[in-house]
Amino acid sequence: MGELTDWLNQASSGDVGAANQAFDRVYAELKRIAQRSLGSQGCATLSATALVHEAFLKLLPGTAPPLQDRQHFFRLAARAMRQIIIDEARRRAAEKRGGDVIHTDLAGAIGHGVESRVSDLLAIDQALDRLEARDPGLTRIVEAHFFAGLTFEEIALDLGTSDRSVRREWETARAFLLRELQEAAPP
Amino acid sequence: MSATSDWARAKALFQAALEREPDERAAWIARAAGDDHALRIEVDGLLAAHIAAASQLDGEARDLLAGTPEEPQLPPAIGPFRPTALLGRGGMGVVYRGERTVDGGVQTVALKCIAAGFADPALVRRFERERAILARLAHPHIAHFIDGGVGADGSPWFAMAYVDGENLLQWCDRERLSPRTRVRLFLQVLDAVAFAHRHLVVHRDLKPSNILVDRAGQVRLLDFGIAKLLDDAEAATLTLAAGPMTPEYAAPEQVAGETVSTATDIHGLGLVLFELLTGRLPYAAANASAWVAAVRDSEPGRLRDALARASLDSRRNLPASELAKRRSLSETELKRAFDRDLEQVLAIALARVPAERYANAEAFAADLEAWLEDRPLRSRPAGWRVRGRKFLRRHRAAVAVGAALVLVGAAGIVATVWQARLAQAQAARAEAARRVLSQLFQAADPQSMDGRALSARELVDQAAARLHDDRRMDSELRASLLTDLAAVYRSLGEPGRARRLLAEVGAATGIRLETRAQALLQEARAAISESDHTGAKRLTERLAALLKAQATTDPLRIELSLLRAETAYQRQELGSVVAGLQDLLRLLPAEDPERMQARADALLLLGEAESDRQHPELALGHLREALRLYQRSGASTATLNSTRHEIARVLGTSDRFDEALPMLRTVLAEHTRVFGSDHPLSLSTKGEIAHLLRRQNRFEEASALFLELIEAKRRTLGPDHDDLAVAQMNYGLLHYFRDDFARALPHFEEAARIWTRSLGPDGERTLTARDALAVVHAELGQHERAIAEIDAVVAARERAGENDSLVSALNSRGVVFDRARRLPESCAQFRRAIAITTRLQPDAPEESRWTRALLGRCLRRSGDLAAAATELRFAHRSFHASTMGPGPRTAIVAIELARTLRAQAGAPAEIDGLYQEAIRLRRDKLEPGHARTAEAERERADWLRGEALPAAL
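Residue numbers (the numbering used here), protein chains in the order written: chain A, 1 to 187; chain B, 1001 to 1953.
Note that these hints are calculated values from the structure, not bench results.
Here are the simulated distance ranges between beta carbons:
1) A:Asn-9 to B:Asp-1305: 34 to 44 Å
2) B:Glu-1373 to A:Asn-9: 53 to 63 Å
3) A:Ser-13 to B:Asp-1612: 52 to 62 Å
Sample of chain B residues lacking proximity to chain A, with all beta carbon distances greater than 10 Å (derived):
4) Pro-1376
5) Ser-1561
6) Asn-1730
Virtual Cβ for every residue (Gly too), placed ideally from N, Cα, C.
Just chain B, with the same shape it has in the complex (with noise of 0.2 Å):
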């Protein structure tokens, strides 16, 4: 018996044997085998050895070697403490039982030793500062850290009071805890959890190992900070205790090598819920790399789905049957318990972007005991009748309360870096906010609001209005919540509102000065955003009156210089913008590391300036500046990104695209790690790239990501959106630059409604819109529409003085009194926008190109071949001489220039060779088969046939 085939068959049959009952395996194996007694007796040994040491091998080879399990070699001492048992060993280290003699009397303490070691001795030091944190950390429901320390070997070790308990799984199994209960003691676990979250500690590793139920039937959280503490070890990967093996209890952002933070506890937390209720984990993985996919890529499952489906995992494989039984209830009991609304609480802790989990341990709690009472979530209003992830999906600002005020900070119009600035602060300071302001707008009553989800506004009013009515609270604290609240106020687009608030803490006495000079600066940022340059100009004086006594480096002083560049930047006089910066720049020694973020502040905003100053090269020299120093002073990855998106845009602006087009790929990529593809930092940077992509006529590329971005828009900020509207704009612009008219115009009048809505009929934006607009009626055949709309939009421009605003609102006009062939007015409109062109750039005659196109084609109409031919070639030149290189328009313009040598009875070499560029060009830029494309093809040969111009061209 030792060919490979002979063991197959013995193997085949020893495994089918062990499935029979043990008393039946020998008459089995006989009938079997029949007449082989070779292979009989191969099995029957196996089977013999397989009862007489059904145990033995069962330990791992290294025991052998080192000791029985039950004889461990226990060391003499571990810091103050006496190893008196191995109460485990695994993960990444060893536990023992300890004692040592404290005032007469002996303290058990478990021990843990890790096999990490701490090469640098300045790690040791904080390894000890965060022990420190950690030994007063004192709560019912944690098991008390009670000292830690490093071995002569360099190896980590903590000790932490004895707990003699049961892990929480297996406890409620054990009791047949009904869901209800365990719920319940659950809310134990949270409490603890909130508890350290205050104290700033957190947990990282929550998962049903590290709870455990003590013999009074009490909750008790073990290795509370310690993730936290190894992370300074050598090895830092150590921290997933469980090894890569399993990490079931990975968060998303854990998974993803991204930052910890609480809002990782609260994911942990919601897998240990997810578990204790259903008895699966709510991703369904064959193995672990699925595992780690699933928890990175998809939506968590849902407790019911849970119950149904069979899990892969034999821990966790029980039937549901079994399930239901360990919980005291039958199986649709079980499936009646999870109601939406646990079904939701669940959904809020495990989402996948930490900002959409619950804000923190309490609001969970409120949630959960919300639930138990069979009262309306907080986090939902009643009557809502939506699936939770579509309500967070829709009003994800308004779920997680904190998050709130980061979040709708940061839905600014375009994000730049000044936003992204903005948002930070107001994160820093919604952190040490947050408890106070969490309670204000837990306390708003969903039950008021006619069912209606609560908008991120409603919570902030209602916030608002607790803060104005609650007369007890400190001032200071009451005027700092105010200025934060006045924050997100002008980030939701109502600087008015934040005036109002700030002007309360301006009346309000007693605050330090620190205090009343943030809320001023507050103040005058939002009399910037209301376009209100006297009350800026009054609130920065009355700043720096404030300010006067204060050295000029002060951190407010410098605060006050940034923020008079900013006024002078609103009222675009760029020229004391660059001088108040250079200014202040002087004031800050470049090296210093005090003061690195504010020069860069500085040198980001002289940058913006230098390039509205046309001075592309000066612009990008202070934003790189800027750059360097926001890595030298670890500025946060946002700030460095955005500061690189507004490199990678001045860059743009000079039709670098080959250098500005991998660096927005790179913070768009950066941005959608950090953010996810949703946040308004990452939109921005996909618009930028359409747009800039656009520009180089990489139609197909580009149209794709507008798309994108206009569906991600909608979904994440609404219908009525000031920035969906840019988006549709831009995308109608796409179209219209292919002539493709009837597809524009549902976008222009999209971005039209949208802006009429918020802007006013006359805003800026508004009238691009109207203007847009009037030009594709009139290709559509619409005139006296189009000539309605385009002679407001002009009288609207001409309000605001000479600009290129006016320009291209007379351009429009043009067009449209060409299309319905009121063709004087038309070539005078034209005349006048190079007219005005020429004043405001009279060293870039090649800026009017288009304009000249345009006047050419109409001097050509009106009869002025010679005069149509001047601009139709310089047009020509200039579209060829440009960095885009030739698109779509260039073909306008070879097309009528060559309409116009026909008519002079010019060469019909040149005028073939005009034709066939157009053609060309047409076919590279335009769609397939497009219409302008055969119109082309068609008129040349018509005329190599012969024929004449059609009087309607």
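In isolation and in its complexed conformation, chain A is listed as follows (with noise of 0.2 Å):
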């Protein structure tokens, strides 16, 4: 798929039009994705991580992409899967205020007494838009390992750095993410 990656590497001279399309696409694939493994009677069941995987093979198929390809792909994916997530976590506080539940794809892999946690992961992605406003750095690097599963070795590989380095800044962006729900609490 020649297409993404042309989109990718015009996206990376500062077009911003490609880097829609290119996200659009991404995010496309990876909603496919979740909602067939999601669909199958739970056998397959999907981590994020593997949902980036495979749709890194999907959109970049061939040995070996060039390393920018790569990079730009992960962190498009990283976005790609924060949005989705939380998409489908304001879907279902909808839902629930509207008080019929639809048993959809996505919502038959719903837990029992989630509740709390979809309204958690909503304030995370809020603190997350202030986080970005001080950090946009500190937002990649969540959205890379808390919304895409990647592991700190995998985003350190791609970042260039150790992933030593890249717990540090983890940590930092956890206790700022964890101040801030503290504070949005209500008393």
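Two chains, each in its own frame: build the complex with the hints.
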């Protein structure tokens, strides 16, 4: 799929339209895989990291895409995963407010008693927006680790730093987010 | 506190605080923040949140949606099994513990669900067939494959024996096992892999997480054959289960997307053993793509170096002292454990080229056992002092025992398709005979070899001797092994020994007709290699009698027809080759899939014959059809590319360089990708490219290629190999055609030395080299030596009758006499050469253009100016008309013509035109500052000043 590679390249040279195209493509693919994996009677429920890896194989086939493409891809995919999960959380929150539960594809995989967690997710998303304003780098790490399930080693490989320093950044971001959540929590 | 700069300071302070001991942090922050209260509040808040919820958010966001990890949603049923717990999730699927009730008892299994769909029902059927094979794979160290299936949604699942165990690496570290104990445990892994390979099951994904040690301390391999099963799945790339991010356990051929075989598992085993011993991996790479590049392009590191190297990977960056501790040794002791033998074992297992690795897990195990018992390794003789990789390079065929058959088989003089096909056929039989043969080879006693490395030849000799002595062996098996060994001898250039082995098969009784026919076929081909025409004919007739009752379309009968054509081709009876093959082709329907390869074989040989009959267009037609059939019948890449090589070669003989060169370059890239750059097939193609570049006068490019070729051949074949002589000869010719005789001399000498040694002083190729050597000596003023040499060459050529070789020997003798100023004798040689060429090719007078130029010069020097001018004008025209375009020889002709015209007081404009042409050509075609260019410039300048031509010219 040369298409995505082209968009990634254009995006890296600052083309916003191409960046959006690439994001949409990755988002759509991740969502498609997520729905399929959740629809298969739970047998093959994929972890977020597996979803991202599978999307990678689908969208950038071939043995070794250029490192730059890979880095772009995983950043995009991490952002897309955040979007997918938050969209789903919003949908469930809305369902709950509406009072009638619709068992659609994703809903089938929801466990019991997770309402509070859904609202946690929405709060985390908002806190993440505040973090973004201060430190976009930390936000990327949260998206990659927390939303896309990439390990510190994997993130370090693509950022070209040590996983020790990724871990330190993650701890910083986590402290920030938790503090924001505590402050936002009702007394 | 919202400005980015404030945050940057808070972040730096927070991170620095985390570096302190927990009880010092608060005081430290107070000190560092000083009067900045906002900053202090910010950092304190972060630290409080950090302490309060150190583990929160450490899962995945998706877990928050899907429920807590402790209460996973279990599917109600997978096949006949009921999942009872989630064991793990990662890679490309999920693993559950599952149960079912069998005969009143409860069977516990590990259930693996893969998120990949089978789109095609045919794939499902194949999956089910493979599954049956795996289910029969029962071995104490392999987690038994119990069942597998495809769910309603198309995603495959597998059930295998549930192993309550721990990852091999972790277990060894926890138990603080010494390297020796680790190796002993690793032998269980090898045993399991050897067993699976014998049942033709390849793992393809060997890595520590797939190797467990159970409660009883026994090794259990997981996921055997699963990668292969999944290969048919929609997303085949999923088999890189670790995902594209961490290709740490992929072999070079996997990284390159090439064919995966048992050799891939050997590499995987090498990596696991390396990590088991050192706690590190053999490559240093900062990230995944650097890792891929390192695996593909560099040699693996040594055990000792790995220990000294800091790992870039956090999971493997324990200090050497800690690694030693986990092996119950001191650092020094650990280093000492990694001795030269162990390094050697790892170097072989991790060889980049699959064929250089251990041929099988048994051979790998045999070396490790030898190491454990302090015996010399089987893969190297005692007293060997050279480093492993060097040894590998010199004796790669001897090391990879089974692969020796294939490698040696391909190392013929000129790799033609026939040889590629022969190597392939050998490889197929070798595969079947590998176990028996490798035992034969392994029995070779390294200590009897006076500390020398065993050559492939010696290994084969010992195998043959054992085969000769072993009378208990099944006669059928023995006959086919003898036939295989004979094929090896034939490709080693010893058809005589091949025939002696095959005679043993001939004398044997009670073997099947097919086995006997194969032996006769092989024996006849050995006779052809020996140029024993009568013998070949007699054997062919015996084979014909044996196969009389078979149908004409029987594969062996078809082989017989091909053999007849080969025999005729060898005798250069091209007419009967063509007639015989055309008869054969009538028996082989064009689109019959069963006979497609045989038809392609026949067309290929027909193409070669037509090319020799100077019918390049016909030849190209046949060769292209052969290529198409090979493609359709799924012939190997080697066969396809060798056929392309032949097509390009024929294009080259027709001077169609623009078509031939790109084709050869593609073939070279393919051969290099498949076999490596030093393989005989790659080198042969490289040689053809260099040859064509030289013929196009593209000397710089040709020269660079020839040097590469000579270096590669010397490295891989040794200093005395015939193939090296070919390269030396061609490179010498390149210098010769540029009149650089001093540089040509050593290369011709080397070629003549090698060929005299292998073919005798009168061998066809030896004579070619000696001919060239004589001329170069003459050019360098060593006349007596030159005349003696060329007289011997001409005498030997005359014995073979009138042909192109005699023409070129006569030309050479003419030049040699000319340089010795014996002009009447010189002119006589050229006249005789022209007469022969005209008889051989009455329709192509331009073929003698160079001889005519030489005669023209001789005539001019003899004073016969009119006759000289006629010859030289003819030669000049012919060189310009040649599709190769004018080259250095054209310059010589132009100058000779100018000199003749000067002596005849011809038109100055024409004379100057010729001089200028010569100067221009020499500037273009010879390297800058070449003496001949300066000579031509000087001669023209002297002429312009009115000076006479020196008498010496």
